[in-house]
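Residue numbers (our numbering), protein chains in the order written: chain A, 1 to 108; chain B, 1001 to 1108; chain C, 2001 to 2108; chain D, 3001 to 3108.
If you are wondering where the hints come from, they were derived from the structure by calculation, not from laboratory data.
Treat each hint with caution, since some may be false.
[Claimed, not checked] DSSO-like mimics (lysine-lysine), calculated; alpha carbons at most 30 Å apart, straight line: (1) D:K3054 / A:K29; (2) D:K3033 / C:K2029; (3) D:K3033 / A:K54; (4) B:K1058 / D:K3033; (5) D:K3018 / D:K3033; (6) B:K1058 / C:K2029; (7) C:K2040 / D:K3054; (8) C:K2018 / B:K1033; (9) B:K1054 / C:K2018; (10) D:K3018 / A:K33.
Owing to the predicted nature of the structure, the values given are computational and were not obtained by experimental measurement.
4 protein chains.
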Amino acid sequence: MIDASVLQHLAHTLEQRKGADPATSYVAKLYGKGLDAILKKLGEEATETILAAKEGDKLQIVRETADLWFHCLVMLAYLDLGPLDVLAELKRREGISGIDEKASRAPD
Amino acid sequence: MIDASVLQHLAHTLEQRKGADPATSYVAKLYGKGLDAILKKLGEEATETILAAKEGDKLQIVRETADLWFHCLVMLAYLDLGPLDVLAELKRREGISGIDEKASRAPD
Amino acid sequence: MIDASVLQHLAHTLEQRKGADPATSYVAKLYGKGLDAILKKLGEEATETILAAKEGDKLQIVRETADLWFHCLVMLAYLDLGPLDVLAELKRREGISGIDEKASRAPD
Amino acid sequence: MIDASVLQHLAHTLEQRKGADPATSYVAKLYGKGLDAILKKLGEEATETILAAKEGDKLQIVRETADLWFHCLVMLAYLDLGPLDVLAELKRREGISGIDEKASRAPD
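For reference, chain A alone in the conformation it holds in the complex:
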């Protein structure tokens, strides 16, 4: 069954990559390049998600969104955070004032 435990599983693996030789994995190499390189990838994947959504190819949209979330997980791991922090924040907002909580915040 597909459920969201994959996020925690990925986070666990990303944690283990931290000590790895950059030559052995994509993620270890990205860690080695540092925060800016990770954030560039995050920006790239956001652009690609936007382009896929405009194009309307559902398979591509899912693929690019997965790339975007994956690189968010890499960024979070690099900064000693993880998906549970993000999910807790989403749950907190839902608990307080429903899905539309953002609307009640000061405009950004």
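Chain A is fixed; fit chains B, C and D onto it per the hints.
Chains B, C and D in isolation, oriented as in the chain A frame:
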């Protein structure tokens, strides 16, 4: 307990917002503005996530990543997709060749 | 006649806005909010340029690109730089190895 | 002397690249990949400009802004537009209501 069921719960609520009066909710208003408005928000939140990560304020990083994921969910719902599609894609990659599957794909 | 002197003219005006009351102008207000607010606008305008280009409406493409360049000028002014620095860099590359100089640099 | 004629000179060269063999130049190769590839580069360079500005290294800021403007020129050329269109739009705004014209438009 915090787990990833919040994603599916949010997706369910986002689905229900589809028929709602734009005046009644942030999401209904965003749907009403159309795909480009949703994608602009997605791009904005990606930029804000990048800025928060550079700044290094963990609370803000989590908040902006939550905003980014939330607007991904809005985009997916608008296009009749959902978080399970993205999680299935992440799980598929993990199953095939591990977390570093992306590295083995043709460079994009 | 339309020529690129408008960039320098804008830069001059942007410089003068630096001491202005935030209540009196859009740019003075943006300066008052600080670098992150300026960079968020830059990111937003980049996304809007991309969306306009995908949409194919030429009037909108020109308008969004103008917004993007304008906010680049605001960012440059805020950091005590200006369009001549950017134009000099473009000219330097052209002088060295032609328009395709970027291709000869190490991949980023 | 450094002036903005470099933009028109670049535009002229970009126009000439249109028929070129993709193997012979960076730009011809990018044209060959199509609009999405050009827009991905535009998004990447926007992210890199933002990261450079946060980092505060002036040389890098100028370099990344030049990359961003250059890829805007490539996008414009690909769509049969050019820098004069953007400069005319900036001049038009300045003429109508000064540099802060954007503030008077409906919020986007």
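Hint check:
no. : hint              : result
1   : D:K3054 / A:K29   : holds, 23 Å
2   : D:K3033 / C:K2029 : violated, 41 Å
3   : D:K3033 / A:K54   : holds, 18 Å
4   : B:K1058 / D:K3033 : violated, 39 Å
5   : D:K3018 / D:K3033 : holds, 12 Å
6   : B:K1058 / C:K2029 : holds, 27 Å
7   : C:K2040 / D:K3054 : holds, 11 Å
8   : C:K2018 / B:K1033 : violated, 35 Å
9   : B:K1054 / C:K2018 : holds, 25 Å
10  : D:K3018 / A:K33   : violated, 35 Å
Figure legend: structure checked against the earlier numbered hints; hints not met, in rising order: 2, 4, 8, 10.
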